[in-house]
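As given, the protein sequences belong to chains A and B, one line each in that order.
Here the first sequence is numbered in the numbering used here, starting from 434 and rising by one per residue.
Here the second sequence is numbered in the numbering used here, starting from 1399 and rising by one per residue.
Calculated from the structure, these hints are not laboratory results.
One or more hints might be untrue.
[Unchecked claim] Taking lysine-lysine pairs in the BS3-like style, the calculated list, with each CA pair at most 30 Å apart, reads:
#1 Lys450(A) with Lys609(A)
#2 Lys498(A) with Lys536(A)
#3 Lys1100(A) with Lys1704(B)
#4 Lys609(A) with Lys1426(B)
#5 Lys536(A) with Lys609(A)
#6 Lys450(A) with Lys498(A)
[To be verified] Output of the computed footprint for chain B on chain A, the stretches with three or more beta carbons under 8 Å from beta carbons of chain B:
#7 453–465
#8 473–486
#9 617–624
#10 902–915
#11 924–933
[Claimed, not checked] Label pairs and their in silico Cβ distance ranges:
#12 Val1441(B) with Ser911(A): 19 to 29 Å
#13 Asn1076(A) with Arg1414(B): 42 to 52 Å
#14 Asn991(A) with Val1441(B): 29 to 39 Å
#15 Leu1010(A) with Phe1429(B): 12 to 22 Å
#16 Val1441(B) with Gln968(A): 33 to 43 Å
#17 Asn1105(A) with Glu1484(B): 37 to 47 Å
#18 Val1441(B) with Leu475(A): 52 to 62 Å
#19 Leu1010(A) with Arg1537(B): 55 to 65 Å
Think of the CB as a built atom: it goes at the ideal place given N, C-alpha and C, for glycine as much as any other residue.
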Amino acid sequence: MKLAHHEAAEHTGLPSKSLGWLLASFAVLIVPQWDRLPWWLLGACAVLAGWRWLAQTGRLRSPGKWLRSGVMLGMVVIYILTVDGRFTVETAASFFVLSVGLKWLETRSIRDFYVLFFILVYLATVNFLFHQDILWSLVTLSGVALLLVGLQSVNAPDLPPAFRSGWRRLGLTLLKVLPVVALLFVFFPRMAPLWSVPMVSGEARTGLSDTMTPGDISSLARSDETAFRATFGGAMPPHAERYWRGLILDRLDGETWRQGWGQSFRRPGKVAVDGGVGPLQPDEYDVLLEPTDQDWAFALDGSAAVSDNVVPVDNNLFRFRRPADTTVRYRMALVGDLPQQEGGGLSAQEQQRYLQLPVSGNPRARELAESLREQAGRPADVVNAIRARFHQQPYRYTLRPPAMPDNGVDALLFEYREGFCAHYAGAAAFLLRAAGVPARIVAGYQGGEPGAGGEYLIVRQYDAHAWVEVWLPGHGWSRFDPTAAIAPERIESGLREAMREEGSFLEGNWASPRRYGDMAALQWVSLQMDRLNYQWQRWVVGYQGQSQMNLMSRLPGNPGLQELGYMTAGILAIGLLVAGIRLRPAIERKDPYRRILERWYRLCQRESIPVRNGETPAQLARRIARCRPDAAASASAFAGTINRYYYGGRTGPADYARLRRLLGTMKKQMANGRKTPTPERYARE
Amino acid sequence: MGQFFRRRWRKWINQRIPRSDHRVLSQKNIFIVPTGAGLVFLVLLLVMLMTGINYQNSLIYLLTFLLGTLFVAAMHQTHGNLAGLELTVVAAGAGFPASTVPMTIRAQAGPRGTASLRIAFQDQVVEQHVEPGQSVDFRLPLQARRRGYLLPGRIRVETRFPFGLLKAWSWIRPVTAAVVYPRPIEGQAQGSTVAGGNAEEQQRTPQGNDHADLRPWREGDLSQRVLWKRFVRSGDLVVADWEGEQGDPQWLDYDAYPGADREMRLSFLARSVLDRASAQVPFGLRLPGDVIEPDQGPLHVERCLKALGVFGEVRPRSDEPLAHGNRAGTDPSGEAAV
Chain A
434 MKLAHHEAAE HTGLPSKSLG WLLASFAVLI VPQWDRLPWW LLGACAVLAG
484 WRWLAQTGRL RSPGKWLRSG VMLGMVVIYI LTVDGRFTVE TAASFFVLSV
534 GLKWLETRSI RDFYVLFFIL VYLATVNFLF HQDILWSLVT LSGVALLLVG
584 LQSVNAPDLP PAFRSGWRRL GLTLLKVLPV VALLFVFFPR MAPLWSVPMV
634 SGEARTGLSD TMTPGDISSL ARSDETAFRA TFGGAMPPHA ERYWRGLILD
684 RLDGETWRQG WGQSFRRPGK VAVDGGVGPL QPDEYDVLLE PTDQDWAFAL
734 DGSAAVSDNV VPVDNNLFRF RRPADTTVRY RMALVGDLPQ QEGGGLSAQE
784 QQRYLQLPVS GNPRARELAE SLREQAGRPA DVVNAIRARF HQQPYRYTLR
834 PPAMPDNGVD ALLFEYREGF CAHYAGAAAF LLRAAGVPAR IVAGYQGGEP
884 GAGGEYLIVR QYDAHAWVEV WLPGHGWSRF DPTAAIAPER IESGLREAMR
934 EEGSFLEGNW ASPRRYGDMA ALQWVSLQMD RLNYQWQRWV VGYQGQSQMN
984 LMSRLPGNPG LQELGYMTAG ILAIGLLVAG IRLRPAIERK DPYRRILERW
1034 YRLCQRESIP VRNGETPAQL ARRIARCRPD AAASASAFAG TINRYYYGGR
1084 TGPADYARLR RLLGTMKKQM ANGRKTPTPE RYARE
Chain B
1399 MGQFFRRRWR KWINQRIPRS DHRVLSQKNI FIVPTGAGLV FLVLLLVMLM
1449 TGINYQNSLI YLLTFLLGTL FVAAMHQTHG NLAGLELTVV AAGAGFPAST
1499 VPMTIRAQAG PRGTASLRIA FQDQVVEQHV EPGQSVDFRL PLQARRRGYL
1549 LPGRIRVETR FPFGLLKAWS WIRPVTAAVV YPRPIEGQAQ GSTVAGGNAE
1599 EQQRTPQGND HADLRPWREG DLSQRVLWKR FVRSGDLVVA DWEGEQGDPQ
1649 WLDYDAYPGA DREMRLSFLA RSVLDRASAQ VPFGLRLPGD VIEPDQGPLH
1699 VERCLKALGV FGEVRPRSDE PLAHGNRAGT DPSGEAAV
């Protein structure tokens, strides 16, 4: 016999086992955060947690008050210094983790355990904001499972083996609740966000940037991360047609192309990840964009927005209402070439904007442009001349371009003749502008690879591409891709084919399965994984307002949000009810004789012949016989049958039926008895 | 106002949980509410749901629903952990004031057993696992303050297993009272009445027994045992240890302490009983209205001490009817069960 551990633990500390689970869960839950936490913080957390553990096992003394305060102060100072006044998601996450790390030194009682439990559950929640693919979700969920096991061990340390272990209990419980969870997930009304929640990230994500200095996009070419996936309602357009426009760079600033003026600031709206309702029409396609922290939506040439979360802006581009800080699904329709300011021509202001060039630099290129303008009369001829030059002269497409720091266009065109799409696009735009043809750079993606089964398209970071659009009078903005003239295989079948000879595809990215394109098994596994993840993202992660409405519209009655609310309440009520039935004592459920006996007792109670303590059925029957002589025979028979059931003799279903019949008779007889004058003897009682 | 509700609540509980030494915990008498941690957990779930709504994050919804349904499942587990448990007050215990009186409560496990069962009364808590098919005796130390019957009010039977987010509890309200003995106080018995009821008996006793062991006097020997005649003769203080002391019962008498009040007398007697017990001499106890024949042994001692403890005390009667099926109860309606 021991004192309650709850009280004892306040003084002696946590059970080691529970602390172990808690530490393990912390270690697991912090993994998805590793790329946004500073290294010193991860190290400090490891040291503090390790310290706590050693103190638990007695190999190290617990830090005293002064040491604790010192450590706390030191960490907070380092944090403040590194944060430097910026408030981003990363600094918030760091602060969160910092507080958990410091809490380890203060974890002594059961109460502290609960505090950490709550913080870690919320850390799991935060993890889901950043990582939603299936593997990271499993990591986070297993962290939560560790927490729940730890919680059991804190409440029942040294549980004897006769009870189920924490894991088994948790597993069985999860199995039982899973159907309810699934129902809730499907039917819980997905409300619109209540308020706008900014998620400012200070960390640059892999992805397109809004500036282009030749060489930039080639660093993207080393990443095989998924940029987005697209499903087409109709046939997938051929590779060479898959130009995903993202943003327009029309201001040349030295060697760097930037987004032009007039990038209006928009207040970020509420989170909207809804990507359209109903099956895809043949001309529609659906894009699932990985988070970019930017508001650019990528769309094929000649698209129109279908879902609400994208808005068309100038230059046939599309923007999200809110930066894509989480995975976003959106839907577009291919409507063919839009009438692009046809006939109108460019305004003077636009002319100026699309002909802008730095005052000086690249003299040879300017010279060449001048001569091109003189030779070719029309802008289209200038374009053709440039294309022909790229095609005929020995320009090479490479992922290992030499450095061209000064007068980069000159160096590319006349000296090295080696470069990447950004180099050629930049050079072409420069030439065009110098020749008086309005031109701009388009940054986006080109191509993409079919996923497993060819059901959808995977566009990866290495598909990033830059090309040129020129203004041709009478045609409007037309695409001109110099890369197509130099390395047509890049446009027709992708970067892998283009780099086959050079062997520089995904150079230095040894771990990427994409690198080993010839190993069929590896490709297959990787694509199947991707498919699983894609389905997960579309159907589980992407299950939000409109998808829910879509699913619900197939149900009879077409329930709306309000009906869904009622349904959720119903699910909860039924869930509780089912559980409630389970709660009823086993005896009452199993033994019908016991039940009918209880009914008899209740009847007697109603007839003011309350059953006494320890009274046997036979005694009760005799009392009934005295109080209500009418019912004497049936009561006696009832008691006899009950006795026969409980104390020997054979019984069968007939007996049970007899009991029911007798009970009914007795009820009538007793009611009759009440009407007749009560014997005085009973009244006295 | 609060007083009123508290009284109503107590009355309701007492109706729900009538006094009984035996109780099977079931849906009818188990209460369950979230603990403080459970309430914080519910608030956390709400915050998580808000996060999920604002970020339109399905996985956060999923986690929230998962933890929410686990909370409901925990409710059943915590309840089920207690349901089916059979509690019996095996021994009410007895002891001296200003110490603890152990009340032994036997917990017979239900089909699923009960993990982390805590039995608590006032500030005393005992906790243990009751494995399926086993029974465990909990010895709950009750604070004994004054002599007499000690009938604890509601003894709380609680469990927070498995997550500590909910507590399920019930009470057992024993019928059998523990007994608190009088505080033993050294007292001097007056006259000869301590040794016997009357003079002849005292005279007869030493003579009627020939097989006396003679030994020198030592500290603590009763003066009645000293052979004064021999002392007069020889000047030695010699004490007779009578062989076969059954033949020489000594009587402890309530009337031997004239002038002392009742509690003092009982305390003196308690001391004497303990002295006799440690000396292993047979003795009898005479209380007004109660005579315990001479005997010896621990059971006898306990019987005497109990008699002293409850002397003049009224056995506590519960003010409400006893539970159905409790034969210890009296039937107020008067008609004898045949």
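Structure-based check of all given hints:
1. With a C-alpha separation of about 27 Å, the suggested pair Lys450(A) and Lys609(A) falls inside the 30 Å cut-off, and the hint holds.
2. Annotation: proposed proximity of Lys498(A) to Lys536(A) holds, straight-line Cα distance about 13 Å (limit 30 Å).
3. At roughly 51 Å between alpha-carbon atoms, Lys1100(A) and Lys1704(B) are farther apart than 30 Å, so this suggested pair is violated.
4. Proposed proximity of Lys609(A) and Lys1426(B) is supported: the alpha carbons are some 25 Å apart, at most 30 Å.
5. For the hint linking Lys536(A) to Lys609(A), the alpha-carbon distance of about 34 Å lies beyond 30 Å, and the restraint is violated.
6. Taking the CA atoms of Lys450(A) and Lys498(A), the gap is about 25 Å. The hint holds against a cut of 30 Å.
7. As drawn, the segment 453–465 of chain A meets chain B at 0 residues by the rule of a beta-carbon pair under 8 Å; below three, the given contact is violated.
8. Closer than 8 Å: that is the beta-carbon criterion, and the segment 473–486 of chain A has 0 residues meeting it against chain B, so the requirement of 3 is violated.
9. Evaluation of the coverage hint for the segment 617–624 of chain A: fulfilled, as 5 residues show C-beta separations to chain B shorter than 8 Å, against a requirement of three.
10. With 0 residues having a Cβ less than 8 Å from any Cβ of chain B, the segment 902–915 of chain A misses the three-residue criterion, and the hint is violated.
11. Check on the segment 924–933 of chain A: 0 of its residues sit with their Cβ under 8 Å from a Cβ of chain B, so the three-residue criterion for coverage is violated.
12. In this structure the supplied range 19 to 29 Å is violated for Val1441(B) paired with Ser911(A), their Cβ-Cβ distance being about 60 Å.
13. Judged by the Cβ atoms, the range 42 to 52 Å given for Asn1076(A) and Arg1414(B) is violated: they are separated by roughly 31 Å.
14. For the pair Asn991(A) and Val1441(B), the beta carbons lie near 35 Å from each other, so the given range of 29 to 39 Å is met.
15. Distance hint check for Leu1010(A) and Phe1429(B): the Cβ-Cβ separation is about 20 Å, which falls inside the suggested range of 12 to 22 Å.
16. For Val1441(B) and Gln968(A), the Cβ-Cβ distance of about 34 Å falls inside the hinted range of 33 to 43 Å, so the restraint holds.
17. A hinted range of 37 to 47 Å for the beta carbons of Asn1105(A) and Glu1484(B) is consistent with their spacing of about 42 Å.
18. Checked against the hint of 52 to 62 Å, the pair Val1441(B) and Leu475(A) fails, with Cβ atoms roughly 30 Å apart.
19. A C-beta distance of roughly 41 Å is found between Leu1010(A) and Arg1537(B), which places it outside the suggested range of 55 to 65 Å.
Going down the numbered hints, you'll see the structure goes against 3, 5, 7, 8, 10, 11, 12, 13, 18 and 19, while the others check out.
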